[in-house]
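Could you put together the complete structure from these sequences and hints?
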Amino acid sequence: MPELTQHCVREIDVRMRRAGTGEILLFLHGAAGLPPWTPFFERLAAHYDVLVPEHPGFGTDKHAGKIRNVADLAMYYLDFIDGLGVPVHLAGHSLGGWTAAELAVRNCSRLASLTLIAPAGVPVKGIPTGDNFIWGPEELVRNLYHDQRFADAILARSLSEEEADAMLTNRFMAAKLGWEPRWFSAALERWLHRISAPTLLIWGADDKLMPAAYAKAWEAGVPNLRSAILPECGHVPFVEKADETARLMGDFLEGGSA
Amino acid sequence: MKFAFFHLMPYRPLDFAERAKHRSAWVVLPNRLYDPKKGAEEYASYLDQLTYAEELGFDIVAVNEHHQTAYGMMPAPNLIASALIQRTKAVKIAILGRALPLTANPITIAEEFAMLDNLSKGRIITGFVRGIGTEYHATGLNPAFSHERYQEAHDLIVQAWTRPGPFPFEGEHYNFRYVNLWPRPYQDPHPPIWIPSQGSSETIKWASDPARKYPFLVTFSAADLVSRYLNMYRDSARAFGYEASGDQLGWAAPIYVAESDERAKAEAKAGIESLFNQYLHNPWEMLLPPGYMSLSSMKNTMKMRKALGTRNRDLTIDELMESGTVVVGSTQTVRNRIEQMREKTGLSIVVAMLQFGVLNDEQTKRNMELFAAEVMPKLR
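If you read the protein sequences in the order shown, they are chains A and B.
In this text, residue positions in the first sequence follow our numbering: the first is 1, and each later residue adds one.
In this text, residue positions in the second sequence follow our numbering: the first is 1, and each later residue adds one.
What the hints contain is simulated information worked out from the structure, not anything from laboratory work.
Note that the Cβ used here is the ideal one computed from N, Cα and C, for glycine as well.
Check each hint, because a few of them may be wrong.
Cβ-to-Cβ under 7 Å is the rule here; a few derived chain B residues that face chain A [to be verified]: (1) G140; (2) A144; (3) E148; (4) K299; (5) A373.
Right under this line is the structure:
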C-alpha cells in the first residue's frame, strides 16, 4: 500500500495515496472517506499514476469550514487539477462521483475522461435514495453490499479509537454535503450536457443507497456516455466487483468498449 | 418559587404493539396510527388541563414544539398558546420553545410571538430551542447548520423585536431587505426568552452572558446533572461578574404526587415508563444526527456510550426515580426533592410535567390538585 502523503492546494493540505506511473487518474472517494488501497487501485496503478486524495473536511475537520457544499468541493478540485498542470482521467464514487460531475459541468478542459461509479447528484423523482443517516450502524453496512460476506467482513472488524473518530468526522462532513437536499443538487441535471469528456457510468444493480434506476437520468443528460450495470452488486462496485470494475475502467480508458 | 404546568400532549391512544414494530415513535411511525377522532378528544382534555392549571394557582402554563411524533401533538405550539390566551385571564403562557433553525424565515416566529404577546397583553414567555435531533429527520433540515441557524435566527428575532424598522438583515442563512415588525411586542423591550436545554457548556455560557441573562431550564435529566448544569450557569454568571438570580434557573421534570410513596409509584409507573421507553426513546442516529452536536461533544458522547454500553432494554420507574430524572412520591417526598434541588442550585423555577405518557385524565387531575394544594404553597 502506498504511504499516505500530504498534498497541498491553495493552503488546504489533505492526505493522499499515490501509486503507479502513466497518465494521471484522480479518484474522488465517497461519503465513507478515504478508501483502503485495495486490489482495484493496485490494478489501476499498473497502468496509471493513481491519485486518491482525502476530501477537505474528511478524516480531520481541519479544513471543514472551507467547504460548505458540493459546489465548493468541485471548485476545490478544479484548483487541485490546475495544480497538477496536465489533463487527468477523473473518477468518482458516490459523493465523489457527484463532485466529479459538478466539476465537469463547470470545466472539462483538463479532463481526458470521466468515470462515475454509483454517483450521487442527480435524483429521479419518485425513487428516493436509501436513508443512510437513519440506518443503524449494522444496517448501513449491510445495505451497501449485495453479497453479505463483504458486510460480514467489515462488521467483524473492530475499529481503533482513531478510526472511530475519523468515521464520525466523515459522517459529519457527509451530512453537511448531502443531507439537504438528500444527495443531490437541483441544478446539476440541467447542465449535464456540458460534460464533453467521454464518460463511463458504472452502477450496481442492487444498490440500496443510490438506486441503479438513476442511471437513466445520467444516460439522458450526458452526451458521450456509456454505462454498465453490474448484476448482484451493491453501492460499492469497486469493492464488491473489483475485477469487473477495474476491467471496465481499463477498457474504457484505453479507448476500448465498456 | 414559580411553578409552571407543562404539557407535551402525547397521543395516548397509541397502538403500542404497532409502535414496537418501528424504530421510533418519531418520524417513521406511520400516521395511520393516529385516529383524528381520538386525537381531537386528546386536544380537548389537554386544553382543559392547561386551563385548569390557572384555577389551581400555577404561575405559568407551558407548551412546546415537536414534529411528526406520537410523543407530542404540538407541531405548532403557538396555536395552543393562542387558544389558552382566550381561555385564561392572568396566567403566564410559555412556549418552551420554538425550534428556531427549522424555519426558513425566523421573522415569522418573531411575528407570531409578537402577536401572542399583544393578544395576551404581555402574558407570553418565549423559549428558543433547536429542536431535538429527530426534528432534523422530520424537516429535512441539515443538522450541520443547526447551531449557525439558531444563532442567526436568535439575532434576527431579537433585532426584529427591538430595532426600529425597517432595517436590513444580512446573514449567512437569512437575508432580508426589510425587517419591520407589525405588530411590535407588547412587553418592553420584548417577551422573556427562556432556554430549555439538556445542558451544554457553550449554551450555558451564551445564555448567562450579561447581555442576555436568559433563564436556563434543564429538562429531562438526572438530578445530579440538573444540579451540575444549574451550578455551571451560576459559575458562568460569576465569571461574568454577577450573581445569577433564582429566576434564571429552572428545572423541568415529570412529577407525580399521591397520598403515599407506594401509591404514587404504582399510579405513575405506566405513564413514566411509556414516556421514556415508548414515546421518547430513539436510536442514536435519530437523536443525534451528525452536526446536531459539535464534533468534539459528539466524540465524547460516543466514547461514553462505548464505555457504558448501549441500552437495549427498557428503563424502569425505579431507575428513573433513583437517578432523580422523575420526581414521584408523597407530597412530603416531592416537596423534599424540590427543596433539596433548590438548596443545591438556588433555582426558583419549577416546570412540572404532571401529565406524562399514558397517564389518564383522572390521575392527571388528582396529580395537579395535590401538587397545587400540598407542594406549591409550602415552597413559595
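For each hint, the structure was consulted:
1. For G140(B), the suggested interface contact is upheld, since its CB lies about 5 Å from the closest CB of chain A, less than 7 Å.
2. The beta carbon of A144(B) is positioned within 7 Å of a beta carbon in chain A (closest approach about 4 Å), and the interface hint is therefore held.
3. Below 7 Å, beta-carbon pairs count as interface contacts, and E148(B) has none with chain A, the closest being about 10 Å; its hint is therefore violated.
4. The interface hint given for K299(B) holds, since its Cβ lies 6 Å from the closest Cβ of chain A, which is under the 7 Å cut-off.
5. For A373(B), the shortest C-beta to C-beta distance to chain A is roughly 46 Å, which exceeds 7 Å, and the interface hint is violated.
Hint check: violations occur at hints 3, 5; the rest are consistent with the structure.
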